[in-house]
Amino acid sequence: MTPEQRPNLFLRAYDSDAGYKFRRSPLTVLAGLILVLMIGAAMLAPWIAPFDPFDKASIDLFNALIPPAWQSGGDPAFLLGTDDQGRDLFSTILYGTRTSVFVGAISVALAVCAGVTFGLIAGYFGGLVDAVIMRIVDIQMTFPAIMVALLIDGVTRSFMTRDQHSEMAIVVIIIAMALSIWPQVARTVRASTMVEKSREYVLAAQVIGRGSGAILARHILPNVMGPVLVIATINLGVAILGEATLSFLGLGIPAGEPSLGTLIRIGNDFIFSGERWMLIYPGLTLALLVLSVNLLGDWLRDVLDPKLR
Amino acid sequence: MTLLSIQNLTVEYPGRKATFTAVRDVTLTLERGEILGLVGESGAGKSTIGTAIMGLLDRPGHVAGGRILLDGTDTTSIPDLLGARVSMIFQDPLTSLNPLYTVGQQLVETLRTHHRLTPPEARGKAVDLLDQVGIREPETRVDQYPHQFSGGMRQRVVIALALCSDPDLIIADEPTTALDVSVQAQILDLLCNLVKERGVGVILVTHDMGVIAQTADRVAVMYHGEVVEEGPTQQIIHAPRHAYTQSLLAAVPRGDRKLDRFPSLSYAPIGADVQTAPDLSLTSTWLRSKAPDVGTGASTKPLLSVKGLGIRFLTKNAILPRNRRYVDAVKGVTFDIARGEVLGLVGESGSGKSTVARMIAGIHPPDTGQILFDGQDIAARQGSHDRQALRRQIQMIFQDPFSSLNPRMRVRDIVAEPIHHNRLAGSGAETQKIVGDLLTIVGLGAAAGDRFPHEFSGGQRQRISIARALATRPRFLICDEPTSALDVSIQAQILNLLKDLRDALDLTVLFISHDLPVVRQMCDRVAVMQKGQICELSETERLFETPQNAYTQELIDLMPSLGPA
Amino acid sequence: MIRFLLERLLQAALLLLVVAFLAFVMFRFAGDPVAQMVSIDTTMEDRTALREALGLNDPLPTQFAQFVMRALHGDFGLSYQLGRPVAALLADRLPASIELSLIAFGLALLVGIPMGVYAGLKPESWLSRAFLIFSLAGISLPTFFIGIMLILIFGVELGAFPTFGRGDTVDLGWWTTGLLTPSGWHSIILPACTLGLFQMTFIMRLVRAEILEVMRSDYIKFARARGISKTRIHYGHALKNTLVPVMTIAGLQLGSIIAFGIVTESVFQWPGIGLLFIQAISTVDIPVMSAYLLLVALIFVSINLLVDLLYFLVDPRLRMSSK
Amino acid sequence: MTHKPLSSLCLVTALALVPFASSAQTLRFAAQGDAVTMDPYVVEEVFTSGFLGNVYEGLIRRAPDLSIQPALAESWELLSPTHWRFHLRKDVTFHDGTPFTADDVIYSAERVRAGASDFKNRLAADTEVVAVDDHTVDFITTEPNPILHYTWANWYIMNRDWAEANNIGNADKAAAEESYATLHENGTGPFRVETREPGVKTTLTAYDGWWGKGSVPMNISDVEYTPVPNAATRVAALLSEQLDVVFPISVQDIARIEAAPNAGIKAGPEVRTMYLTMNQWRDTLPGSGLEENPLKDRRVREAIYRAIDIETIHARILRGRATPAALMVAPGVNGYSDTFKRYDYDVERSKELLAEAGYADGFSFTFQCSNNMYVNDEAICLAVSNMLAKVGIDAQANVQAKAQYLEAILAPNMDFGMAMLGTTPASLDSHIALYSLHMCPRADENSAIWAPEDQGQIIAGKSNFGGYCNPEIDRLANEILIETDEDKRNALINEAWTITTEDVAYLPLHQTWAAWGIRDKVDLQIRADNVFDWRYVVMPE
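Protein chains in written order, with numbering that gives the first Met the number 0: chain E, 0 to 308; chain P, 0 to 564; chain H, 0 to 322; chain F, 0 to 540.
The hints are simulated quantities; they were obtained by calculation from the structure and are not laboratory data.
All C-beta atoms, glycine included, are put in the ideal place defined by N, C-alpha and C.
Treat the hints with care, as some may be off.
[What the hints assert, rightly or not] Label pairs and their calculated CB-CB ranges: (1) H:Glu-44 / F:Glu-540: 53 to 63 Å; (2) H:Leu-305 / E:Gly-273: 42 to 52 Å; (3) F:Arg-348 / E:Met-42: 38 to 48 Å.
[Said to hold, decoys possible] Straight-line Cα separation of at most 30 Å, DSS-like style, residue types lysine-lysine; simulated pairs: (4) P:Lys-530 / P:Lys-257; (5) P:Lys-330 / H:Lys-220; (6) F:Lys-200 / F:Lys-212; (7) F:Lys-200 / F:Lys-89; (8) H:Lys-220 / P:Lys-124; (9) F:Lys-295 / F:Lys-461; (10) P:Lys-16 / E:Lys-20; (11) F:Lys-401 / F:Lys-119; (12) P:Lys-16 / H:Lys-121; (13) F:Lys-295 / F:Lys-340; (14) F:Lys-265 / F:Lys-401; (15) P:Lys-306 / E:Lys-196; (16) F:Lys-340 / F:Lys-350; (17) P:Lys-124 / H:Lys-121; (18) H:Lys-229 / H:Lys-121; (19) H:Lys-220 / P:Lys-195; (20) E:Lys-20 / H:Lys-220; (21) F:Lys-520 / F:Lys-212; (22) E:Lys-196 / P:Lys-530; (23) F:Lys-520 / F:Lys-265; (24) F:Lys-487 / F:Lys-340; (25) E:Lys-20 / H:Lys-121; (26) H:Lys-220 / H:Lys-121; (27) H:Lys-220 / P:Lys-16; (28) F:Lys-401 / F:Lys-389; (29) F:Lys-89 / F:Lys-119; (30) P:Lys-530 / P:Lys-306; (31) P:Lys-330 / E:Lys-196.
[To be verified] Reference excerpt, derived from the structure (chain H facing chain P, CB under 7 Å, subset only): (32) Asp-217; (33) Tyr-218; (34) Phe-221; (35) Ala-224; (36) Arg-225; (37) Gly-226; (38) Leu-312; (39) Pro-315.
Next comes chain E alone, as it looks inside the complex:
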């Protein structure tokens, strides 16, 4: 078969086993659609959202606590109603989703970078390096994300001024989440690396004279990425939830920059006052987002690595 005859990437993906399993599961297709829609809307928030929650001058307290448009007293300008500051809830949720997805994606990306690097090194070189890295992983796993967040918070506090620190809140939470995820990635990558490094294609590369770096980067890395992809997807959900939980506990994103967690925390104060839309819609958005991510993660796991838990 010459290259010209080969179908394009999309068709091949569509026709592959993964694509087949994807098409066969309506739930996965739905989850994919929802996720694309949500992430798309979140990324395009500045263009889609009717209001900019960061533009303080446009927020009018006079509009506070308007119920969703279809309820009595609702205003068509505010589709999902407004919060206690008069911010349009729909816009805020869009921006909040953006923050949540951003925090989730960046922290997972960081965790994957760190986890893959250390996992590869530990698994490939073994010995003392391995022992040291795995002990660090063990220790790291002792700390729940909340405590990691506190630790990072404390350390950054010690060398930053207060202003810098509150601006860094989002960075702090990203690092905290990344730190709580990377051990899992490292463990998986280490295990896969130990399997892969004894495979003969790695020996073949050694015989060619390839150095460790090249072997790790060109040969082992691409072959351990399957499970990593699954773990990354599942942990994207975990990271989004983690950010929400930290923000809910008041250790996360400052209230001025909404994330879904802070929105739920604020909404929770109105749980008894009848203005439940402030709790329900961010909550639903969060649940839907994470559920979609997890459904896709499940599908990926089925396709790539049925053995992963």
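Use these hints to put chains P, H and F onto chain E, whose structure you have.
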């Protein structure tokens, strides 16, 4: 009455795009006390018949047509078919036993499923069974866990388990493939004796003609889901009628005499793996044009000389060095290989032959000894440029075609990697040209470069491995069991290719194998390894005809053969 | 065996020391405790004196050494906020957390394992699919959100369950239990469900995956070929082999139960160590926080050790190789 | 209780449908936090002091309307401007039965001024306390102080014998060992502590020997106190009838509780005034990037004042349950006057003022806010920040929990442009507000305010974190302190408030209302200082 009668059996696996017919219209019979050999290459459908009889087909596979009768009754209507009437022995004794139960527990459980026995009675019977299958000290071993048994012993336990229910029929699916030759012979003997004593029928599924020749009464040869020929063993082996059977037998390496080439008798529909004859004229262009440039010393000295090579592996780690336990994997190995020579290295699994190969290839640094390549010690000269240039001239072909190619790289990149790494080509275009030539030389054609390894069969992958090994213009090639994972017909093609390349490129070869007939066909001299040491080294023909060492003698005696030709 | 245990103990001790150091360092920077301990009107002089008296001006290594020495004697000092010995505070609160964790964990195992076994043995049935979707929902909903919803529905709208606290407790001298009174049981249901839900779905998925894996193995096929009954294969062979990995992960999950306990305890005002911790964070009560962290590490390490020991009981391969 | 766990499990399902039964005489009460300690001198904090006020008693107490009432002192007289005589009640016993005598007052006066006591300022260090007889005590001060006893409502009298028998030392926060008084009490008040689990539950019973029996409508026999920090949980517990009284109720939950058939609300303005403090001390404004500090300019401060629409905050965030404030003291505090008016909300004027001051394009600064200290503090902060944006001022709200927030705003950090705080004058007199919030925080005339080396000595103006400084106010405050003629004194206070209002020293916002959630048929009196006096609770029989 005929014990087992399979009538027009068809087994199908419905897939997403097409339905795969694993077994098509197969009709077979088996009598009590008879061993029916079911032989064929991988994918021929021989194992499927076994599982179909048991009714254990993996979903979505199903019997699409035909009947299976046991003593005249359709097996689907026999309630206590499994275990009670039919038993099965699996290929891998390491995974067939539940690791969390003692051998005795598993025996007792099976015995009590089929017989009314009190636990002490069942235990007594279990001990008897272990004794019958030749396990010494059955009283103590019955309480041990599977991991405390060796591979051969475990396969005996598996057989004991299969016998628990006094079955009428035993299906043995490649029962000795995972075992060493010496153990294989014992297990096959055991099986034959049990058949005679108990009068059970056995279906022996195997790819190994030698095993069939030794054991089976009758043979059915399968090809692409169909039985192409059936008859008494002697007739099939010595007077095969079907062209496929003929080509299959021709490809089986002979242990009794040396041939120049494997007969290129090939059955036409085998198609997929039949390659056009490699165009070796190309070897005169690139591979020859720049002859190895380093250390072209006097041609009388051996190209490779190994002196007192040794390595030991840690078996038990501990914080205190004195508590650590090591095993000597290789100890005091010494041999020379002359230019253009093929040295065979044989031995059972764990004898250290692969470790020797890997030390020479530079994968493991040896703990002791020297490896002199062209007079220079490549083990000692750590990382120098010279060493890299020397290393380049030593290449290796691995055993497992499925793991020896990086699944994430295109074939073109796999073959180009050594060229890039050693900067052997001036430009990208030149590299592509060389890669295309190499792929043509090994008989795949340049277009194969665009594809990924998983799109190729085992034999084709091994050709890719060879192309990669040739890409550095090596003078010395290590072949570590290059064909042990391949079907015999493919094996013959690959071995022929290696022979041709050796001749065309004047390669020196270290050929490692546990398969003595293959070694006899391929090598000029042979070294026999046992427990990390070389116990005999001599000219191939002399070694096979007049072995000096007792262990060598034993290996040669156990060598399966198709019987006198 | 003994050598293995000693090695693990040594490792555990090292780990605890590192955790102690991290705990110490992190809380050293988590805010000024003095600001919390005094009223807004306290003079700078008194603040400085207090800081001095608390030893907050000593060099860090000295503070750490003192911290470890005292911790070894079970003395974590007095809570800045409550003026009580931290060890006593934790001891008072620990029973509540342990009872909640164990009930939640028990609930998770009791429901999760059968669900997982079923879903693993019959992967195609509609009930298994339902379980799977349910489990996805379980791991997708944040714990705090579930808690709030349970309170809203069962506590407020239906008025069926208490929404906070432990109910009546019985003091057994060394342990205060809520499990001997009806109101104690009544109170534990909602928080245990909240806390257990995530674990339950998690364990269910894990068991399912392991069962699927084990059922593909050769020894299960061989057992079927020998005619062993389905029940024996499923519950004897498959489940037992599933237990080993499930135990590890479940053991690790106990650690995360403690972490998620913080959230649940804060939503339900469950008077356990998690609530104490979250209150300590907001008041920068350093002794309480560092002691809590050490306690969590200790619990985690003990669980790991316990899991390792259980391994020995279940897996003969390990039992033998260590002899 | 010897229920078997198994049978309890069965009972649980049965009980799930039965409404909670409760003894009518037990008051089940929950608030945000727990009393920090049972030792009355360790922490000056509203809830702890208020809680202990039911167990311990001072020489005086405050009535529900905050007027001063005799308590352990039956009466008092001023023998000279510096010589006070207190006549003690005679039929009083401590909870352990010991009679209350003048010696206990002397002991309490010593201990309250010793060590790290938070209540040192109840009595000046040089005030002499002399027992005239068993039931008469004299206080001799060095300077006249007309409001000496105003702050004594939460200076509780402890028993010397009990303290000495139990080795109770000074009120010390950094003590190495737990003080007996942390968990135990021996007061004279109407309730005695039965069991105490800090942070979990405290139970109390009525003290049979209490001297005041019959003087108040109280009919409760037991109190069960549970701290419930989570606002939603508190409301849920009230609505599900697990609690009789909960405090505080967020303004947004008031309607829900009022609508409930089984609960109600009692709400009223607090005596605490919420205000914004503006950093007038730093030479450069934190978070502004400017070389100068615009907040030193009175016009800028007025511009900020005028940009805040207090009525909308009042209506939307506080749902009408607040009183916009023009002064730094609330109605009910001595010296309050309703003649002061707020600067009108006027965005145009605000912009003009900014332009006049040279900041037509606005500027930015850090705005420190708390999120768990005051009623809807976070929402108000964000609203203020949004309102300032409309005149071009970028107030970057940094909302933090109490611990971090206080660390940021307290000297010497003062890492803020503006911050929101609340103040309650302990003596309910204007002087303390002027003294600690408005006087220049400096050790002497010549030193710089908040100079590090002087920080330990600063007493006046110690809560003046914005660094407002006006010598006129310093002079007035000192005059007010020693002026014993009430009319003259009030005139001086009025003069001071006029100056600070003119200076826009602070930006007073409002007095929020405190709302108490009360189960149906429970009656109680709420106090503007949020102290909960159980003596006024009447439970349905």
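Structure-based check of each hint:
| no. | hint | result |
| --- | --- | --- |
| 1 | H:Glu-44 / F:Glu-540: 53 to 63 Å | holds, 54 Å |
| 2 | H:Leu-305 / E:Gly-273: 42 to 52 Å | holds, 49 Å |
| 3 | F:Arg-348 / E:Met-42: 38 to 48 Å | holds, 42 Å |
| 4 | P:Lys-530 / P:Lys-257 | holds, 28 Å |
| 5 | P:Lys-330 / H:Lys-220 | violated, 42 Å |
| 6 | F:Lys-200 / F:Lys-212 | holds, 26 Å |
| 7 | F:Lys-200 / F:Lys-89 | violated, 34 Å |
| 8 | H:Lys-220 / P:Lys-124 | holds, 23 Å |
| 9 | F:Lys-295 / F:Lys-461 | holds, 19 Å |
| 10 | P:Lys-16 / E:Lys-20 | holds, 13 Å |
| 11 | F:Lys-401 / F:Lys-119 | holds, 24 Å |
| 12 | P:Lys-16 / H:Lys-121 | holds, 26 Å |
| 13 | F:Lys-295 / F:Lys-340 | holds, 23 Å |
| 14 | F:Lys-265 / F:Lys-401 | holds, 27 Å |
| 15 | P:Lys-306 / E:Lys-196 | holds, 28 Å |
| 16 | F:Lys-340 / F:Lys-350 | holds, 21 Å |
| 17 | P:Lys-124 / H:Lys-121 | violated, 35 Å |
| 18 | H:Lys-229 / H:Lys-121 | holds, 13 Å |
| 19 | H:Lys-220 / P:Lys-195 | holds, 27 Å |
| 20 | E:Lys-20 / H:Lys-220 | holds, 27 Å |
| 21 | F:Lys-520 / F:Lys-212 | holds, 22 Å |
| 22 | E:Lys-196 / P:Lys-530 | holds, 25 Å |
| 23 | F:Lys-520 / F:Lys-265 | holds, 12 Å |
| 24 | F:Lys-487 / F:Lys-340 | holds, 23 Å |
| 25 | E:Lys-20 / H:Lys-121 | holds, 19 Å |
| 26 | H:Lys-220 / H:Lys-121 | holds, 16 Å |
| 27 | H:Lys-220 / P:Lys-16 | holds, 28 Å |
| 28 | F:Lys-401 / F:Lys-389 | holds, 28 Å |
| 29 | F:Lys-89 / F:Lys-119 | holds, 27 Å |
| 30 | P:Lys-530 / P:Lys-306 | holds, 17 Å |
| 31 | P:Lys-330 / E:Lys-196 | holds, 25 Å |
| 32 | Asp-217 | holds, 4 Å |
| 33 | Tyr-218 | holds, 4 Å |
| 34 | Phe-221 | holds, 5 Å |
| 35 | Ala-224 | holds, 4 Å |
| 36 | Arg-225 | holds, 4 Å |
| 37 | Gly-226 | holds, 2 Å |
| 38 | Leu-312 | violated, 11 Å |
| 39 | Pro-315 | holds, 4 Å |
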